[in-house]
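Asker: If you want the building blocks of each chain, they are given just below.
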Amino acid sequence: MIRLSALLTTALALSLAGAALYAQKGPLAESWPTYNGDLSGRRFSTLTKINDKNVGSLTQAWSFRIESGDPGGNNPSGTPLMVDGVLYISTQDHAFAIDAHTGKQIWHYTWQSKGARHFSNRGMGIFGNFVYFETPDCNLVALNKKDGTLRWAKTIADIDQMYYCSVAPVVVGNHVISGVSGDDLDIAGYIEAHDPETGALQWRFYTVPQKKGDPGMDTWPNVDMASHGGGMTWQPITYDPDTSLIYVTTGNPQPVIANVNRKGDNLFTASVVAVHADTGKMAWWFQTSPHDTHDWDATQAPVLFDGTIAGQPRKLLAIAARNGHFFVLDRVTGKAYVHTEYVKTNWSLGYDAKGQPIPNPDMFPSIAGALVSPNQGGATNWYPPTFSPQTGLFYVSANHAFSVYYLYDDSDNPQGWGGNDRGGWSESMLEAIDYQTGKIKWSHPWEGGNNSGLLSTAGNLIFTGAPGSFLEALNAATGDALWHAKLQSAVRVPPSTWELDGNQYILVGAGDTLYAFTLAK
Amino acid sequence: MTRLFAVALLAAVTLLAQRPQGASGPARGGARGGNGGVGPYDKQVVDAAAADLGRTLYAAECVDCHGPTAHGSDKGANLVRSDVVLKDRFGSQLGPFLKKGHPLQSKKSSADLTSDQVVNLSHFLKQRVDDALKRSPTGINKVTGDAAAGKAYFNGEGKCATCHALTEGTPRTLFAISAKYPDSVNLQQALLFPGGGGRGGGRGGGGRGAAGGAPSPNAVTITITPPDGPAVTGDIVQLDDFDVQVRDADGKVTHFTRTPALKIVKHDPLAAHHEMLDHLKSSDIHNLVVYLETVK
Chain P
1 MIRLSALLTT ALALSLAGAA LYAQKGPLAE SWPTYNGDLS GRRFSTLTKI NDKNVGSLTQ
61 AWSFRIESGD PGGNNPSGTP LMVDGVLYIS TQDHAFAIDA HTGKQIWHYT WQSKGARHFS
121 NRGMGIFGNF VYFETPDCNL VALNKKDGTL RWAKTIADID QMYYCSVAPV VVGNHVISGV
181 SGDDLDIAGY IEAHDPETGA LQWRFYTVPQ KKGDPGMDTW PNVDMASHGG GMTWQPITYD
241 PDTSLIYVTT GNPQPVIANV NRKGDNLFTA SVVAVHADTG KMAWWFQTSP HDTHDWDATQ
301 APVLFDGTIA GQPRKLLAIA ARNGHFFVLD RVTGKAYVHT EYVKTNWSLG YDAKGQPIPN
361 PDMFPSIAGA LVSPNQGGAT NWYPPTFSPQ TGLFYVSANH AFSVYYLYDD SDNPQGWGGN
421 DRGGWSESML EAIDYQTGKI KWSHPWEGGN NSGLLSTAGN LIFTGAPGSF LEALNAATGD
481 ALWHAKLQSA VRVPPSTWEL DGNQYILVGA GDTLYAFTLA K
Chain S
1 MTRLFAVALL AAVTLLAQRP QGASGPARGG ARGGNGGVGP YDKQVVDAAA ADLGRTLYAA
61 ECVDCHGPTA HGSDKGANLV RSDVVLKDRF GSQLGPFLKK GHPLQSKKSS ADLTSDQVVN
121 LSHFLKQRVD DALKRSPTGI NKVTGDAAAG KAYFNGEGKC ATCHALTEGT PRTLFAISAK
181 YPDSVNLQQA LLFPGGGGRG GGRGGGGRGA AGGAPSPNAV TITITPPDGP AVTGDIVQLD
241 DFDVQVRDAD GKVTHFTRTP ALKIVKHDPL AAHHEMLDHL KSSDIHNLVV YLETVK
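If you read the protein sequences in the order shown, they are chains P and S.
Going by the numbering used here, the first sequence opens with residue 1, and the numbers climb by one from there.
Going by the numbering used here, the second sequence opens with residue 1, and the numbers climb by one from there.
One thing to keep in mind: the hints can contain errors.
The calculated DSS-like cross-link candidates involving lysine-lysine, where the alpha carbons are at most 27 Å apart (straight line), are [unchecked claim]:
| id | chain 1 | residue 1 | chain 2 | residue 2 |
| --- | --- | --- | --- | --- |
| 1 | S | K75 | P | K211 |
| 2 | S | K142 | S | K159 |
| 3 | S | K263 | P | K486 |
| 4 | S | K151 | S | K281 |
| 5 | S | K151 | S | K296 |
| 6 | P | K344 | P | K441 |
| 7 | S | K266 | P | K344 |
| 8 | S | K180 | S | K151 |
| 9 | P | K263 | S | K75 |
| 10 | S | K87 | P | K211 |
| 11 | P | K439 | P | K335 |
| 12 | S | K142 | S | K281 |
| 13 | P | K263 | P | K281 |
| 14 | P | K315 | P | K441 |
| 15 | P | K211 | P | K154 |
| 16 | S | K281 | S | K180 |
| 17 | S | K75 | S | K100 |
| 18 | S | K263 | P | K441 |
| 19 | S | K75 | P | K212 |
| 20 | P | K335 | P | K441 |
| 21 | S | K87 | S | K99 |
| 22 | S | K252 | P | K486 |
| 23 | S | K159 | P | K344 |
| 24 | P | K263 | S | K281 |
| 25 | P | K211 | P | K263 |
| 26 | P | K354 | P | K211 |
| 27 | S | K87 | P | K114 |
| 28 | S | K296 | S | K180 |
| 29 | P | K154 | S | K87 |
| 30 | P | K441 | S | K266 |
| 31 | S | K142 | S | K180 |
| 32 | P | K212 | P | K281 |
| 33 | S | K281 | P | K344 |
| 34 | P | K53 | S | K263 |
| 35 | P | K521 | P | K53 |
| 36 | P | K486 | S | K266 |
| 37 | S | K75 | S | K99 |
| 38 | P | K263 | S | K142 |
Source of the hints: derived by calculation from the structure; they are not laboratory data.
Please model the entire structure based on the sequences and the hints provided.
Answerer: Structure (structure tokens):
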């Protein structure tokens, strides 16, 4: 049924003088060279040494405690890169290289920050001899990967406008793709492409219109609201070398909750947007939450794979959005093949002709409060899903959640948030979704809240964090729990895998510590 | 401008710019720099007294065009989003901007504003920016609805009356509950989410936990029935995909390995509340709150 993606093998044809395009080698096995492993966002490894028959023999190989010297710099949330036996991981204002054989630190780099919100850091990118990360004060920093010395740093956003930066850069061809974060004040989202060698800006793509005549301007009341309309880009992009398209997912519109002054769909917020890698020009868009009023950004991973829809082979993009809806799109045209809920929600009135949810105005935040599902945290969030071409299933950490959304600013020109949600109740589960139908193949309920990124492998396994500070392995086909190990705190760094010296490792992070597991000898 | 009108405008600026701030909304990290770490470390910290002086000047010279909250109008720019204001430090940007000449309500020259006036204005505008960054209640929230419809829901579709009486002294009574929750929003929250939970509260919450502690009427308990032994009922000490530990009424903790043959039944006193969330309309809970406010 599934034709294995040609994404990565096609990329082998790409070349760049003197530089290795780590992320475009494949399939994933002996390295993990981007946030999601490869450029498809599948987080699927072909490794099978650890499998559903022997996973019970997994044992801890080593652990590494991050000691940055800065209380805010010890807790990573991005998946470490692993290239040539070295792990590269970043935290807020810090980057580290770690020997993947032993868990011993090789180097540590510290950025002298000028401030901004220190909320999270999602990791690094790599290209040739350099590694890249973003700092909270919005610098894209290139380090020499051998010794962690500074190669260059470029300011990518203005922290006086309350931007901060957190996303993992991704290298596509000769472009380092960066994104921006922040929804405290009304500002515009964008991605940028920088020269990997020099850091020179190549192009910038705004996710909201900046002037009259820009695409999407007719979905905003005026240029001022549009050009300050949000749409942050705090999820790493994915990329298809066949189409040369970058897939960007965008954040919520601004103001976030109060919305009387931004009537319209508010394009291209809460959307999947395809952008030409070499020009920064938009190819197509699909909005997962038209006129969002609940902080439901679409900044969940846009996962690329090839499959079959109605008997026809298709190049697909799947996303389980924070608003509780699952979409399968044609990644060449943006056409929706599948749109459905993956958890029960209460905020929409069906789908429009394009397959986008139609928001129910009764569920907009109000003075008296609107009981809405999902809550602001969402049916899922930043933590990455996974897709296994072996099972044809899309796996996502999901929440069936409720809260009440209140309006705090009833003026005719609110700014910032102007409201918030409060209270709530939720239940968490790991869901396996049939990409062809959107139907839930299996759902594994958790005995507590759980927000973990995922990994699938050809060993018929799903790795995830589990309530109670566990790393857990499940049967990818059935959802049966097979193994778990207790960690010091809840999984924050999503699991990844790679092979080194003939051994397959599972790497995960919790709190300030990375843990590497392998089969017992 | 008449003096009376000027006083009214100043009052409007004061009112709109000083709405009461309640409990903070969900924190989203942040460290140095105030406002949860938003903005640069060297950002201007607002001097409230200077901001008050700046408010007076703003009302006299700026409010007609830029609006009471400085969010702009058809006649003037939004100053909260202004790069001049956002990059300003104690008049460093605002001063040179006004020195070039900018229309004032009094028709005086903006270049004649004193340094102190510019600094005061800077503090007032920075205060407006800080207000825009807040995500906390402003005191305007109140639940409104139809008490008669709430009564009908209580006794009918909502099935509230099957568990809750409205007479004093009965178990689970909701008699005079508005005395416990005089704020209608707090009452609404208590009715919807009686066990708390919050973001990620998850299944099986509300128990006494591994360390015991005070029993909660909302504690989830479980009954474990192994294939070859007697059932055990008690508090949840541990419940995950592999291990189950139950503390019975005598305090004895029994361990089980979770298998498909191990029967687990949860007893959640709030299960009905959780199940109704999928069906409850906002208007139902609004009406219910208003009705229960009348039961005193």
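Asker: Evaluate each hint against the coordinates.
Answerer: Each hint tested on the structure:
1. For a cut-off of 27 Å, the pair hint linking S/K75 to P/K211 stands: about 19 Å separates their Cα positions.
2. At most 27 Å may separate the alpha-carbon atoms for a hinted pair to count; S/K142 and S/K159 meet this at roughly 25 Å.
3. Using a Cα cut-off of 27 Å, the hinted pair S/K263 and P/K486 holds, with the two alpha carbons roughly 24 Å apart.
4. Between S/K151 and S/K281, the direct Cα distance comes to roughly 15 Å. Compliance with the 27 Å bound is thereby established for this hinted pair.
5. Taking the CA atoms of S/K151 and S/K296, the gap is about 14 Å. The hint holds against a cut of 27 Å.
6. Our distance criterion of 27 Å between C-alpha atoms is met by P/K344 and P/K441, whose separation comes to about 15 Å.
7. A hinted pair counts as satisfied when its Cα atoms are at most 27 Å apart, and S/K266 with P/K344 qualifies at roughly 22 Å.
8. Taking the CA atoms of S/K180 and S/K151, the gap is about 19 Å. The hint holds against a cut of 27 Å.
9. Taking the CA atoms of P/K263 and S/K75, the gap is near 21 Å; set against the 27 Å cutoff, the hint holds.
10. At most 27 Å may separate the alpha-carbon atoms for a hinted pair to count; S/K87 and P/K211 meet this at roughly 23 Å.
11. The hinted pair formed by P/K439 and P/K335 meets the criterion: a straight-line CA distance of about 19 Å does not exceed 27 Å.
12. Under the criterion of a C-alpha separation no larger than 27 Å, the hint pairing S/K142 with S/K281 is consistent with the structure, at around 17 Å.
13. The hinted pair formed by P/K263 and P/K281 meets the criterion: a straight-line CA distance of about 26 Å does not exceed 27 Å.
14. The hinted pair formed by P/K315 and P/K441 meets the criterion: a straight-line CA distance of about 22 Å does not exceed 27 Å.
15. With a C-alpha separation of about 26 Å, the suggested pairing of P/K211 with P/K154 holds against the 27 Å cut-off.
16. Among the hinted pairs, S/K281 with S/K180 is consistent with the structure: their alpha-carbon atoms are about 24 Å apart, no more than 27 Å.
17. For the proposed pair S/K75 and S/K100, the alpha carbon gap of about 19 Å is at most 27 Å, so the pair holds.
18. Distance restraint check for S/K263 and P/K441: the Cα-Cα separation of roughly 23 Å lies within the 27 Å cut-off, and the hinted pair is therefore satisfied.
19. In summary, the hint linking S/K75 to P/K212 is supported, as the alpha carbons are separated by about 19 Å, within the 27 Å threshold.
20. A C-alpha spacing of about 24 Å is found between P/K335 and P/K441, which places the hinted pair at or below 27 Å, so the restraint holds.
21. For the given pair, S/K87 sits about 17 Å from S/K99 by alpha-carbon distance, which is consistent with the 27 Å threshold.
22. Distance check on the hinted pair: S/K252 and P/K486 sit about 24 Å apart at the alpha-carbon level, within 27 Å; holds.
23. For a cut-off of 27 Å, the pair hint linking S/K159 to P/K344 stands: about 22 Å separates their Cα positions.
24. Note on P/K263 and S/K281: the hinted pairing holds, with a Cα-Cα distance of about 24 Å set against a maximum of 27 Å.
25. Of the pairs offered as hints, the one joining P/K211 and P/K263 holds, with about 17 Å between alpha carbons and a cut-off of 27 Å not exceeded.
26. A C-alpha spacing of about 26 Å is found between P/K354 and P/K211, which places the hinted pair at or below 27 Å, so the restraint holds.
27. Proximity of S/K87 to P/K114 is assessed by CA-CA distance (about 14 Å); at most 27 Å being required, the pair is judged to hold.
28. Proposed proximity of S/K296 and S/K180 is supported: the alpha carbons are some 11 Å apart, at most 27 Å.
29. A distance of roughly 19 Å separates the Cα atoms of P/K154 and S/K87; the hinted pair therefore holds under the 27 Å criterion.
30. Distance hint between P/K441 and S/K266 is fulfilled; the C-alpha atoms sit about 25 Å from each other, no more than 27 Å.
31. Distance hint between S/K142 and S/K180 is fulfilled; the C-alpha atoms sit about 16 Å from each other, no more than 27 Å.
32. Only pairs whose Cα atoms come within 27 Å are accepted, and P/K212 paired with P/K281 is accepted, the gap being roughly 17 Å.
33. A distance of roughly 15 Å separates the Cα atoms of S/K281 and P/K344; the hinted pair therefore holds under the 27 Å criterion.
34. About 25 Å separates the Cα atoms of P/K53 and S/K263, which keeps this hinted pair within 27 Å; it holds.
35. With a C-alpha separation of about 15 Å, the suggested pair P/K521 and P/K53 falls inside the 27 Å cut-off, and the hint holds.
36. Distance restraint check for P/K486 and S/K266: the Cα-Cα separation of roughly 24 Å lies within the 27 Å cut-off, and the hinted pair is therefore satisfied.
37. Restraint check: the Cα-Cα separation between S/K75 and S/K99 comes to about 21 Å, which is no more than 27 Å; the hinted pair holds.
38. Between the alpha carbons of P/K263 and S/K142 the distance comes to roughly 25 Å, so the proposed pair stays at or under 27 Å and holds.
Hint compliance for this structure: every hint is met.
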